[in-house]
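*Asks:* So the sequence lines, in the order shown, correspond to chains A and B.
Okay, so the first sequence: first residue is 1 according to the working numbering, each after it adds one.
Okay, so the second sequence: first residue is 1 according to the working numbering, each after it adds one.
Take the hints with a grain of salt, since some may be wrong.
27 Å max Cα-Cα, derived DSS-like pairs, lysine-lysine [claimed, not checked]:
id, chain 1, residue 1, chain 2, residue 2
1, A, Lys276, B, Lys77
2, A, Lys272, B, Lys276
3, B, Lys272, B, Lys77
4, A, Lys276, B, Lys100
5, B, Lys109, A, Lys272
6, A, Lys100, B, Lys276
7, A, Lys272, B, Lys100
8, B, Lys272, A, Lys100
9, B, Lys272, A, Lys293
10, A, Lys109, B, Lys77
11, A, Lys293, B, Lys109
These are computed hints drawn from the structure, not numbers from a lab.
Chain residues, written in single-letter form:
Protein chains: 2
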Amino acid sequence: MDVETSRNLAESDFDRRLVQRLMRYVGNPHISIRLWNGDEFQVTEAPPVACMHIRERRAIFEMLRTSSVGFGECYSKGLIDVDGDFLAFINETTRAYTRKRARSYYGPKTRSLLYALRPNTPVRSRHNVHHHYDLGNDFYRLWLDERMVYTCAYYDTPEATLAEAQVAKLEHVCRKLKLLPGQTVIEAGCGWGALALHMAEHHDVNVIAYNNSTEQVAYAREQALAKGVDDRVSFVLDDYRSIDQRCDAFVSVGMLEHVGLANFSTLGAIVKRCLKPDGLGLIHSITRSHSDKTDPWIVKHIFPGGHIPSLREMMAVFEPQRFSILDVENLRLHYARTCATWLQNFEAAADTVRDMYSEEFVRMWRLYLGGSSAGFQSGTLQLHQVLFAPYGNNDVPLTREYQYSDSKGT
Amino acid sequence: MDVETSRNLAESDFDRRLVQRLMRYVGNPHISIRLWNGDEFQVTEAPPVACMHIRERRAIFEMLRTSSVGFGECYSKGLIDVDGDFLAFINETTRAYTRKRARSYYGPKTRSLLYALRPNTPVRSRHNVHHHYDLGNDFYRLWLDERMVYTCAYYDTPEATLAEAQVAKLEHVCRKLKLLPGQTVIEAGCGWGALALHMAEHHDVNVIAYNNSTEQVAYAREQALAKGVDDRVSFVLDDYRSIDQRCDAFVSVGMLEHVGLANFSTLGAIVKRCLKPDGLGLIHSITRSHSDKTDPWIVKHIFPGGHIPSLREMMAVFEPQRFSILDVENLRLHYARTCATWLQNFEAAADTVRDMYSEEFVRMWRLYLGGSSAGFQSGTLQLHQVLFAPYGNNDVPLTREYQYSDSKGT
């Protein structure tokens, strides 16, 4: 064996041990590893669900430095590849990583609190929203359902398609709120307007819907005109902090994740101010089974300013205002399926996305959609719908049967 | 006007102003006041719902010193009487008092935390339980339903009687837990055993039920023999901290109120240890719309060691163990009705209770039952059923339709 070969072998052995150390850190997922030099090995003895192909040596050091951002950026740039089923790979690594960390509680809780020190001002919120939601309606149209609903669907039957499950979700929210014709509903963070339009069309209510995203509001206004409900729905291009009307129902689907812990009590005070004493409110948000900071790669590349609360943290919206929590439902597995379907649609349109943006963008979004699905599948991420009423409102449904029977309940 | 009359008038004017000050403190309820000297006046201009008859002057000073304990003790001793509808009186004063205090949040929250500094040790828990639950089964039989269920009923139809609503509650809990024949259920704090017996009889499961109360366990064991389910139900006279079996379902109905904030994470760890990874758990507890210490009169005379958490505080049971909250339901108005019915039954048996104990005992319990109903009616008190699963359990129902349809769900 000449000196060159011997040095290569020693180096390879060192690299392998570095990777094994990294894998221990992420909880030894059942995957295999292929290095740039062709060296291939399994992390555990269990059959690997897929292979992580590390194409360049520096990817190891990036991941050792910061596991989440390191992996995310290296995967996006193509320094790392996944051979085999991408979703299976990301599910398995997420499962292993979260199981490894299942015992830590106070550390993550403290990190979550520290997050609150950088509150989202209205200007920063606008910037954050612009970063994600103003990527272009053409982009989102490629993989969302026809109504452009970019939140967790509700598969009320296992056979439901994504489009059907999104309509079921809109209707599930409306039922919970017990909307009556002629009522006024305020929506905070309305996306492309699907819920606002559905409420106006099918429940004959007046909707005032707030959103910070220029592109989304433009689209939503067009839709209102096209559906002939523009007399009943007004889309306001503004921050939730500007809400100053009174309403019978307050609803917010998928906005709380962008509000930030430090502003939860502000949001609560705004809801308190606008919701009539006999009204009902619903906040639908991604949550965590325990407090933690949001994944650093997600914050850096996907959702700047985002923070996913635990249910306990979410109570900071309600308790200072003494709202009564009527009903909390967890739709975690629905969101795992929703994200998996989005990823499927996204993959089918990957060539178009590559032409619109870049290969790096495609890989980044693949990781984001797959990672989200894996988060919900593993249980790290959850989706809670919280129905609430102002303190002392006794005009609330006695049972929840009305949400499931065909009658509108009493 | 002679000197005596003039001094009497001046004194009476002073007393009236003291009472008015007290009434401002409790939020000016729509009641009238009658003093020991016959002086009578309304607190507000609205028609009074009932009259508070202050029979002795010292009652005013007792209430000025400590409003809750002062009123409670003076009412119990007969220094204060209520002329008119007692429940209407207590509802109105509770409504006024809580509305007056609706804006304070951090003060009560801190007081609630300070409460946690005196944890309930097993010995203290046994003493606390003995104080309330060992008053004698004969006493509770006078006003509870035939199954001796001493927790919130579930009026699934408005016409339901108390007995029917208690059975509906037992069944509602069983449905949520999706019990299957042959499974093992652990119950923490089983009262007189109604739920444990119902589960064994109607769902064919094995139940291990813990309770610290000698009288209750003796009664429950008799019932198990009488119903022929003693092979499937074992009642253990011990603290929840002694639970060491494994189970498919964990359930606790109305015990958390006695656990005390400081022991919430201990309870969570015990549940985590005993519940199988694919199991489900349910904790049913009185909660508050916001954190606060428990009423001092209640702690002194009715429930020593008791602490009613807010939903946020209750999360201290679940989040350190990363339990996934599947479903939270608020049965507040059901409990207002349950307590009102208990009060009715209690009044019908008041003579018997007086013979068993004393007039003071009758008045104390009238205030406790009426005050509880008023707490739920006003919204200060709530009743939350929290259904949860161990972290990563994906074998959970996708929708909650199974709780309301006749099928047992999928």
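*Asks:* Confirm or reject each hint.
*Replies:* Outcome of the hint check:
1. For the hint linking A:Lys276 to B:Lys77, the alpha-carbon distance of about 42 Å lies beyond 27 Å, and the restraint is violated.
2. For the given pair, A:Lys272 sits about 41 Å from B:Lys276 by alpha-carbon distance, which is inconsistent with the 27 Å threshold.
3. Under the criterion of a C-alpha separation no larger than 27 Å, the hint pairing B:Lys272 with B:Lys77 is inconsistent with the structure, at around 46 Å.
4. With a C-alpha separation of about 19 Å, the suggested pairing of A:Lys276 with B:Lys100 holds against the 27 Å cut-off.
5. Under the criterion of a C-alpha separation no larger than 27 Å, the hint pairing B:Lys109 with A:Lys272 is consistent with the structure, at around 19 Å.
6. In summary, the hint linking A:Lys100 to B:Lys276 is supported, as the alpha carbons are separated by about 19 Å, within the 27 Å threshold.
7. The straight-line distance between the Cα atoms of A:Lys272 and B:Lys100 is roughly 16 Å, inside the 27 Å bound, and the hint therefore holds.
8. Our distance criterion of 27 Å between C-alpha atoms is met by B:Lys272 and A:Lys100, whose separation comes to about 16 Å.
9. Note on B:Lys272 and A:Lys293: the hinted pairing holds, with a Cα-Cα distance of about 24 Å set against a maximum of 27 Å.
10. Between A:Lys109 and B:Lys77, the direct Cα distance comes to roughly 49 Å. Violation of the 27 Å bound is thereby established for this hinted pair.
11. Restraint check: the Cα-Cα separation between A:Lys293 and B:Lys109 comes to about 25 Å, which is no more than 27 Å; the hinted pair holds.
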